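Chemist: The lines below spell out each chain.
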Amino acid sequence: MALAPGSSKRDKVNRPAVSVPVEALAALAPKLRDDPALRFDLLLDHTAIDWIADGRFELIYHLYSTVHGHHLTLTTSVSRENPVVPTVGAVWPIAHWQEREAFDLMGVLYDGHADLRRLFLEDDWEGHPLRKDYKDDSMLGLPK
Amino acid sequence: MALVLDRLPGIVDRFPGGSILVTSIDAVINWSRSNSLWPLAFGTKCCAIEMLMATGAPHQDMSRFGAEVARQSPRQADFMCIAGAIVKKMAPRMRMLYEQMAEPRYVMATGSCAISGGPFMYNSYTIVRGVDEVVPVDVYVPGCPPRPEAFFYGLMTLQKMIRQGTSIREPGVRRKPVMAALPQGITMDDIQGEMRRLLEADNVVNVAEEAGEKIWTEKIRIWMEKHLYKP
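Chains A and B, in that order, give the protein sequences.
For what it's worth, our numbering labels the leading residue of the first sequence as 1, then goes sequentially.
For what it's worth, our numbering labels the leading residue of the second sequence as 145, then goes sequentially.
Bear in mind the hints are in silico, worked out from the structure with no lab data behind them.
Source: prediction; values computed, not measured.
Among the hints, a few may not be true.
Quick list of in silico lysine-lysine cross-link-like pairs, DSS-like style, CA-CA up to 25 angstroms [what the hints assert, rightly or not]: (1) Lys363(B) - Lys304(B); (2) Lys370(B) - Lys304(B); (3) Lys189(B) - Lys233(B); (4) Lys135(A) - Lys363(B); (5) Lys370(B) - Lys135(A); (6) Lys370(B) - Lys358(B); (7) Lys233(B) - Lys132(A); (8) Lys232(B) - Lys132(A); (9) Lys132(A) - Lys144(A); (10) Lys358(B) - Lys304(B).
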């Protein structure tokens with residue numbers, strides 16, 4: 001908490017979780033990895049949630065320390081209109097793949113990512129299908 | 145008296161010094177094709193694990209139907225068994241595999257996903273709603289996943305189609321696809337009884353009649369009525 005001003009502890013979770021402002025993410029990530037008391041050296045997972053009513057994407061970083069054996073869930077939010085976040089690939093190299101997935105399916109843009117291409121879908125795919133407002137000609141809605 | 149066997153389609157008649165076999169090339173080619181299907185196991189999802197692997201296991205004995213030589217190369221296969229949902233990214237690859245298979249080639253769509261998209265039919269950005277949008281399908285085997293008995297029922301249906309089809313007379317003619325659905329609410333005994341009944345109806349040789357003193361031309365006429373393709 002002291003490492004990043006503006007962060008807040010999250011309730012209603014069964015694991016330590018903090019949400020930080022997106023501006024603090026780039027500076028916070030190396031501290032979380034290198035601080036001797038924290039040592040979060042493993043990024044278990046990185047995903048995104050589309051909160052379309054709030055007009056924001058929530059980005060979730062599940063961190064784990066193989067030294068101390070503790071977990072931390074780090075979340076941050078960006079606006080849906082301009083979803084640009086700094087990459088954490090320099091801190092945790094596995095984030096390269098996870099950020100490509102989040103870009104592919106959600107359209108989150110990672111500033112500083114070396115190779116931000118689609119991961120799962122075809123290269124010529126239009127749109128980002130896990131967004132809640134995604135529409136497609138071949139999609140079939142539920143019958144009434 | 146009757147025997148159950150997969151007989152060579154033709155009439156064997158006694159002849160001084162041996163026997164004479166009368167048949168048609170069409171019938172022999174279809175007969176051999178139907179009994180030597182080389183499947184290309186195309187499993188993309190749970191149907192491949194639940195059904196195809198169980199079907200290929202020794203307990204089910206797929207080689208009863210001459211279709212046990214599963215190949216991983218489409219060049220050596222002529223029977224594509226699609227087990228599982230096909231997504232848009234997979235569809236061109238599947239079409240390419242189909243084009244690479246040896247002709248004549250047959251396609252069986254097993255399971256709800258391959259037939260219609262199954263539970264992924266609605267609100268999915270990636271599903272192909274039925275593999276018949278990509279490749280022509282001969283037999284549909286419904287189920288989620290189908291039981292091995294249902295798979296064999298579909299396989300026997302396909303064999304029947306091949307035997308009734310044309311080989312050299314009208315190459316390129318395809319039969320209409322069929323739905324090989326086992327009836328609802330039946331037991332294992334019913335399935336096995338149905339399979340036995342089908343097998344017997346197709347392959348019963350009435351020895352007394354075969355060996356009877358019927359006129360030679362009459363025998364040929366009866367056989368042709370039973371076996372030959374009528375457009």
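Chemist: Hint by hint, note whether the structure agrees.
Modeler: Hints versus structure:
no., hint, verdict
1, Lys363(B) - Lys304(B), "holds (23 angstroms)"
2, Lys370(B) - Lys304(B), "holds (13 angstroms)"
3, Lys189(B) - Lys233(B), "holds (14 angstroms)"
4, Lys135(A) - Lys363(B), "violated (66 angstroms)"
5, Lys370(B) - Lys135(A), "violated (55 angstroms)"
6, Lys370(B) - Lys358(B), "holds (17 angstroms)"
7, Lys233(B) - Lys132(A), "holds (21 angstroms)"
8, Lys232(B) - Lys132(A), "holds (20 angstroms)"
9, Lys132(A) - Lys144(A), "holds (20 angstroms)"
10, Lys358(B) - Lys304(B), "violated (28 angstroms)"
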